[in-house]
Amino acid sequence: MSNLRSDDREQQYDEFVALLARHDLSIRRFVRFLLPSSDGVDDVVQETALECWKKFAEFQPERPDSTADEFIRWACVIARYKAMSWQRDRKRDRLVFREEVIDQLAQAALESLDRQDDERRAVESCLEQLPADQRRLVLSVHSPSESIARIAKETGENARRLYNRVNVLRTLLLNCVEKHLAGEASHG
Amino acid sequence: MDDSIRKLIFKAIDHTISPEDFDRLQDALEQDAEVRTAYLRAVHMSGTLEDLAGESVASEKVNAPVVRSNPNPKRQRGLFFSHVAPAWNWLAAAAVLLAVGGTAFWFGQRNQSSPAERSMVQTEASASPESRIAGHATLRRAVDLQWPADAVRRVEGDVLPNGLFAFNQGVAEIDFFCGATLIVEGPAELKIESDWSVRVLEGRLRAMVPPAARGFIVKAADSEIVDLGTEFALSVGNGNSQVEVIDGEIELRGGEFHEERLLTGDSRILAGEKADTSRLTDIPTASDMKRRHGLVAESRFNNWQTASRELRQRPDLIGYFTAAELSNERFLPNLATHGVASSAFLSGPVGRVSGRFGDLSSGLDFSRPGARLRMQVDGEFEAFTFACWTRIDSLDHRYNALFMGDGYENGEPHWQIRDDGRVMFSVMVDDSQEIRHFSELDRKVVQDAGLHRVYMTEPIWNSSMSGQWLHLAAVFDPARRIVMQYLNGQPVSQHEIVDKFLVTQLRIGPAEIGNWGQPFRDSPWFAVRNLNGTIDELAIFDAALTDGEIRALYEQGKPLGY
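Order-wise, the sequence lines are chains A and B. The first sequence stops at residue 187 when you use numbering that gives the first Met the number 0, and every number in between is there. The second sequence stops at residue 561 when you use numbering that gives the first Met the number 0, and every number in between is there.
Next comes chain A alone, as it looks inside the complex (with noise of 0.2 Å):
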């Protein structure tokens, strides 16, 4: 390899890896959208950032102050095929996405991709205001280290019932982030 295919190359790179690291979040949370559950994000991300890589040569943008935007749709692009194969080879031994199903979640995801962050302080600030009892219970279906069973055994109330609780909680909480993104939208 000559010198200046080799710094090319380098400088290729480097950019590659600017991108990459400031969007590595929109692309895992796209990825996620589009798979059943979290398991399996990780490989998909990976697949879609080797392949990212490989074809980055071939990626143009069209106007140099639009590089970011276009480059995690560029990429989601890739995600979304990558998400699809994934699915499609995993389809005997567990529930996956049909790929129409696939293609409509891309599209309704690449649209709410901007909104990311302000859902998740949404999410944060309507949590806040949830007492400190009914917290620990609607996270604990996300914790490694609590579980329903475990409060069942700790408050001798029925696991069933706190898991309708917890449904409870959560609708309680979607619906608090959809008033404060309304909310944001109308005075922003």
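Calculated directly from the structure, the hints in this document are not laboratory data.
Beta-carbon label-pair distances, calculated as ranges:
#1 B/R291 - A/E99: 51 to 61 Å
#2 B/P332 - A/E110: 54 to 64 Å
#3 B/D419 - A/E99: 14 to 24 Å
#4 B/D26 - A/R135: 29 to 39 Å
#5 B/P348 - A/E14: 27 to 37 Å
#6 A/E14 - B/V497: 52 to 62 Å
#7 B/D174 - A/R72: 53 to 63 Å
#8 B/D174 - A/E110: 55 to 65 Å
#9 B/R397 - A/A17: 27 to 37 Å
#10 B/K6 - A/T154: 15 to 25 Å
#11 A/D116 - B/D419: 39 to 49 Å
#12 A/T154 - B/P210: 53 to 63 Å
#13 B/E29 - A/R149: 34 to 44 Å
A virtual CB, placed ideally from N, CA and C, is assigned to each residue, including glycine.
Based on the hints, put chain B in the right spot on chain A.
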């Protein structure tokens, strides 16, 4: 939004959804933009909650019971964790990437299984299945085995499950997973109990027990023979049972000789009387077995060669390719005397490996994605029969190619195996149509480029058959309007060709063995369909072969132990 849909969304997120409910959810997602928005929001919220739950665990440990806290870099990484820029992951990975030229690298840490899975609401759907095979031993070699009418027939390389293993005649060499080997002469009836034990109801056998398998138990009559190392012989039949130590030491348990130890040359009658007139040491040894195996394999190979030379003369043979004739590095000649197919060109990393008659013959290995055998077949045909021997290592891809027409244009065939073990044969009827139809098998609407029907068998392959030679054949007979498929000479599926899918002018054009070439595709993506396995003796006929002819192809080409 409908409350019941909301519940389905939560169930999906918690991995507690049933397949039926999952279908309902998918229908709703497909039809309703509002449901999609709600779903995405719920998924995003659960990701955020997951991160926050992880953080609060970390913060509890440092006695700071607030939900939002400074991130602890050692804690488990959440799905949407956004407080720490993950740049270092990318940087580290990208450095590796440069070093290895982009072939393999690792981004970030793998997530542990999601917390919801560990909660009380775990279900079968969330458990990740590891593929498993039941069995305790493998049939290593088989010479001239004859099976009772009702017995399960085994071939070399088969995994033997617990239960009865019986044959009328011949010699079998069985490797137990613990490391012990039995050479068994028929008539024999064994009951395989575990990796470490077997009961002998009938048969003469030699047991070889290496140090790692010391303690292997053979049960005969009322006794258990515990091998304390190396080799012994046993004969069981007609109420008599006799054991002799060939080399080393055994211990008897139970029965008349309880706790007695026997050394080289010692023998005991465990039941009945000494009925065996020939000495037990006549039972074949491993090297006898290998020699006999080699001799039989050679005679099989010679018989096949004779039959193969005759087959080549058939006037309706379009193409005939056997790996044994690979003399040139890049070309495999079409051996069909009257065949119109070109020679096959070896493209990419096609490997030449040992074939179904061991080292006497060879096979072509297509395990690497670029491996392909390309050919050109001009002309029009009235019927198709495809037949080949194949050894599948695994069905890695959704579709795994046997023989594929490049463009899949009108009248061109596709012959492949789906990842669930079903063999698929199809011929394009009208490539100008864009078709959507409901697939009974997949229970969903599938979209097809062109009008064709895929004729599928039931699953004929699973991972326990990895490495076994199979004879596959597909017959497409427009005149009789029938599609037949065969496994090892036996029909496994039969389909009628209905009017809509009738195509009478058959072609092949440019085509590939073991892979699918798509020279006309308009994107750099290509479908990976190489067969992770070996193919040998692929024959294409311009005729619909009969059941008997297919069976004959199988019989004259079958390897040893079939």
